[in-house]
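*Asks:* These are the residues of each chain, in order.
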Amino acid sequence: MRRQHHHLTSYAALWGYLLLMLFALGTARADIPQALYDNLGLDRNADPKALFEALEQRYYDPEQGAGKGKFGELWEPIPFSKYLNPHTFYEPPQTLQMTATRQQCIDCHSGVTPGWVHSWGNSVHANLEQIRQLPGDDPRAYKKDIITEVEDNLRSMGKLAADMTLAEVSCIDCHIDIGAQQGDHAKELRMPDGAVCGTCHLQQWAERESERDTLDWPHDQWPAGRPSHALDYRANVETAIWAGMPQREIAEGCTFCHNNQTKCDTCHTRHEFSTVEARKPEACATCHNGVDHNEYENFLLSKHGTIYQTRGDSWDWNVRLADAVEQGQQAPTCQLCHMEYQGEFSHNVVRKVRWGFNPMPAIADNLDHPWFEDRQAAWQETCSTCHSPRFAQAYLEFIDNGVKDGLAVEQDAK
Amino acid sequence: MRRQHHHLTSYAALWGYLLLMLFALGTARADIPQALYDNLGLDRNADPKALFEALEQRYYDPEQGAGKGKFGELWEPIPFSKYLNPHTFYEPPQTLQMTATRQQCIDCHSGVTPGWVHSWGNSVHANLEQIRQLPGDDPRAYKKDIITEVEDNLRSMGKLAADMTLAEVSCIDCHIDIGAQQGDHAKELRMPDGAVCGTCHLQQWAERESERDTLDWPHDQWPAGRPSHALDYRANVETAIWAGMPQREIAEGCTFCHNNQTKCDTCHTRHEFSTVEARKPEACATCHNGVDHNEYENFLLSKHGTIYQTRGDSWDWNVRLADAVEQGQQAPTCQLCHMEYQGEFSHNVVRKVRWGFNPMPAIADNLDHPWFEDRQAAWQETCSTCHSPRFAQAYLEFIDNGVKDGLAVEQDAK
Amino acid sequence: MRRQHHHLTSYAALWGYLLLMLFALGTARADIPQALYDNLGLDRNADPKALFEALEQRYYDPEQGAGKGKFGELWEPIPFSKYLNPHTFYEPPQTLQMTATRQQCIDCHSGVTPGWVHSWGNSVHANLEQIRQLPGDDPRAYKKDIITEVEDNLRSMGKLAADMTLAEVSCIDCHIDIGAQQGDHAKELRMPDGAVCGTCHLQQWAERESERDTLDWPHDQWPAGRPSHALDYRANVETAIWAGMPQREIAEGCTFCHNNQTKCDTCHTRHEFSTVEARKPEACATCHNGVDHNEYENFLLSKHGTIYQTRGDSWDWNVRLADAVEQGQQAPTCQLCHMEYQGEFSHNVVRKVRWGFNPMPAIADNLDHPWFEDRQAAWQETCSTCHSPRFAQAYLEFIDNGVKDGLAVEQDAK
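Chains as they are written, first to last, in the working numbering: chain A, 588 to 1001; chain B, 588 to 1001; chain C, 588 to 1001.
Watch out, some of these pointers could steer you wrong.
You can't tell identical chains apart in this list, so a pair holds if it fits in one copy or across any two.
With a straight-line cut-off of 20 Å between C-alpha atoms, the simulated SDA-like cross-links for lysine to any residue are [what the hints assert, rightly or not]:
#: 1; residue 1: K669; residue 2: H855
#: 2; residue 1: K991; residue 2: Q834
#: 3; residue 1: K890; residue 2: H880
#: 4; residue 1: K991; residue 2: I837
#: 5; residue 1: K731; residue 2: G943
#: 6; residue 1: K890; residue 2: T862
#: 7; residue 1: K890; residue 2: E836
#: 8; residue 1: K890; residue 2: N876
#: 9; residue 1: K1001; residue 2: S757
#: 10; residue 1: K657; residue 2: D987
#: 11; residue 1: K636; residue 2: D648
#: 12; residue 1: K1001; residue 2: L747
#: 13; residue 1: K669; residue 2: K890
#: 14; residue 1: K774; residue 2: T826
Everything labelled a hint here was simulated from the structure, so no lab data went into it.
Excised from the complex, chain A in its bound form:
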């Protein structure tokens, strides 16, 4: 964590820092949890191709959460389902029988669906060269490294020649195939899923997929890997009442949130895929609101939320999350605390989960188990960015006891 840099005053720390950098150079994936590698049977030094293929195999495995789930014979998709789980249900429309070139996609859709094209025009995807030209002190300069990393991934997977750089990410790259020059609109068109995004953004996808691996509840309080974004579609379809209800549109209403597993655009909406958008609390609010889990409302009405709402317009939302506090963000967002774990930031947002959404005796009675204690210690470290450790400890104990009190009332009522 950034603040630990202040302690690097001894030779020992300096050596540790150098070792860390060497390690980082070796894989550039220091913050993908070891449990993911273990579960996939991979070495940490696996190249991008090997990591991607192992992730993809698990991602598409019906035994591990892909597809319609164990109650799949009970329900049929509605027409909209193809957009919620494209890998399972999407078929290209048959209304347009043509082969389109890279440029034709843009030209035609500038006329028929201009909003898409304007959004993409504002994206990094459409402006890679602009990013490459940013001066080093621009807050978005870190994206140069991401472009380089994407190119390395593509070269490892044989999708980019060793002497080539990416010129753009255009319609056809995501909707036909990366690097394709043309595609058959009626046969080859695809809606991107996590694996499509993860081909380029392998680090981020692997982090997200690692939620399956780190939520290894010690007493099976929840099914393995849940509740998480990585398996939220499975959670939906493997609920008997969901699969069995005859009103399919009502059922698919649940899927409007339970589709993080199957896609990436619930946080990074198409087609700008703005990091600024994804970094603000509203990006989480679409799902994390309401009577069953009113996280967003609680945030907005907290002092954290007050500062966000009253002062957030003076923060630079283009700085990297890891640099945000140092660069002037004076209060946490959802992202700042939930994407952080032991000083590192990643797309695994469940590494400090303890209560899940559902306080239950099997959790309340085991908070002194090391699995829970380690996570509580990680929270305390997170809060200590801005609060004293004692304050954090008192606060965490406070809310634990409050939840236990509430749970006792609920249990009494049963």
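Let chain A serve as the given structure and place chains B and C on it in line with the hints.
*Replies:* Below, chains B and C without anything else, positioned relative to chain A:
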């Protein structure tokens, strides 16, 4: 619609475009629905004076929704009613017996109600010359044409000499009479209603009034012209329980929303009358919220609303609604979709209404009627600004079926 | 009130103005209510030291609301209580046994709790010289006078030499003692309460404390001085059900709002203590929301709130509240109306309270008592900043009668 311009590549289209321009030059009111002209017995080429007078006659006709309504003998206004329905209830205060000049209004109210005067000072009304001097590439330059149109209207009605231009719109123009140089505060003072605003802003008022004409439900699912802004006061006062309840302050609480018919400042609040304000979703939220019709909450928590909230500060809110998507607005607001109909934007916001606020069997059972199908097709075109037509179709079918499912539960419960 | 300046056109008014200025020079506390001086047995010309000591004595008096309250034997604090009522419960942590210098506080906490230090770095406290150098036309230039006033207070209390100016307000000034050069972390560390903030910000603290004095209900509708920020902790702990309930974490949940009495950071969150933040409605929302008193929701959904939300980004939030309307704030915030009383602005926000949170017959039946009528007149004056007095009168009567109607229903149901 703007995106259709991309198809103007043939001679046929070019001729069509020229014809359209000629037509537009002839009336400048291409987007006032024909049904309004038909119902008012007017030719589309009617001059502004004729159109205004026909609109005004209907607007003030008790048989067509003006005044206290058919239960008018059951209730009396409270003191505040004069501000909710000024044409029916407003009387000038008798506390100030004086004749005030144009300048005296401003001078005295700068002292006694300074907030008003400061707001007006920020308005276009107080800065017509500033608008006239805007360079052509300023996003507000389109307002020059509106000033010209207003002047044409006033000349047609004999309120502006042929060789004069408007210098300003000041207190006295709206609160005594357009162009007046002085007025009797105790006798002539008025609170503007739709007709007062519509004298200058005839196009916009006629569009709004056309809601009476286009909501011609095929099986009388709702009373003609309702639910709409144009008849929302009538909806209030012609509800028996409203008119008959003895607690008049509670009843007039309803009128805090049900006063769009009688005034224009529910969307364009006085005295800046900001188009920026009126273009943002919060302008709609005062009424369109809560348990009975939570449109605002649904918007904010949708991805449309997320993008508005996280990225809207980077949009230019001064651009015309018709240009917004092209100019960088990456997600819809209420206004972008509900003011649009077949590619044109207007103040008739109910042209695509199908379910109204109140799903009922008489709607659910008739969605295959051409009236409903045409409106669904119009929605599909609207959504296609940013989504594929197939996506739009699947989504619209999705929500139709979901509403039918919910309605069936409600009907079973009865 | 600012708008009255427009009438200063006669000699009489000019003389009055000069007299007012002389009076202001004499005490600089023209807007501390006389009732506070009366209750504290002070002359209005009391020097800062005398005022502070009288306020502090009352503030810490258990008979007048300090400490655990009359049910104190029924309950024990939880670890977090020390942060909610530091004067009563805070003890320094024993984990760090060291004496820290002024600079060491900053250096060490830059490493262990960097968020704090960054926030403080953005504060006026850390940038006094920057404020002193502001040109006179900077909207924050008024803060120069506040710095001068703070220095006068400190000199009066013997905490600043006559020939010294304040260089900074650093960790140690608030957390050890004002002006201290070092302190024992395990013995001398303190959490600031109102008296600590009030040592420098005496005017603001005295205004806030005066809520105890001005809420002198004529028929004891509420306990003296309540409901108010100044006694909200007492309201909490002297409620029997609060003190007696065994679930102390649930009980202390109430204290998350009921701690304005004991601290100042519920509105001015640490460690930037931003006036911009404290001036926005969200600063009030943390407490003033929800089913029992949904003031914030009512504001946001009103037209006042609409204008704030749609146009507030164009307002200069650094201008003094008293100048806000003149400087372009076109709609009220909570602060603009509730901190104002008869044209003056202060931290006593209850001077126009009439209904409190709890409509009751003893209020409804006495609205014609002078105590209530004077407050209604003060509201009418407030509203007249932007509305005609007749409009304000009609509106206030409207809501009074509506509340009475609702109260009658409630009473019938009992």
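*Asks:* All hints, please: hold or fail.
*Replies:* Each hint, compared with the structure:
1. K669 / H855: within (19 Å within a copy, 41 Å between copies)
2. K991 / Q834: Between. Shortest inter-copy distance 10 Å satisfies the 20 Å Cα cut-off; intra-copy 37 Å does not.
3. K890 / H880: both (19 Å within a copy, 18 Å between copies)
4. K991 / I837: between (33 Å within a copy, 10 Å between copies)
5. K731 / G943: neither (36 Å within a copy, 50 Å between copies)
6. K890 / T862: between (24 Å within a copy, 15 Å between copies)
7. K890 / E836: between (38 Å within a copy, 19 Å between copies)
8. K890 / N876: This pair counts as both: shortest intra-copy Cα distance 18 Å, inter-copy 13 Å.
9. K1001 / S757: Cα proximity of K1001 and S757: none, with 56 Å in one copy and 54 Å across.
10. K657 / D987: neither (35 Å within a copy, 29 Å between copies)
11. K636 / D648: Intra 18 Å, inter 72 Å, cutoff 20 Å: intra-copy only.
12. K1001 / L747: Neither way: K1001 and L747 sit 60 Å apart in one copy and 64 Å across, limit 20 Å.
13. K669 / K890: Close across copies (18 Å), not inside one copy (41 Å); limit 20 Å.
14. K774 / T826: neither (33 Å within a copy, 57 Å between copies)
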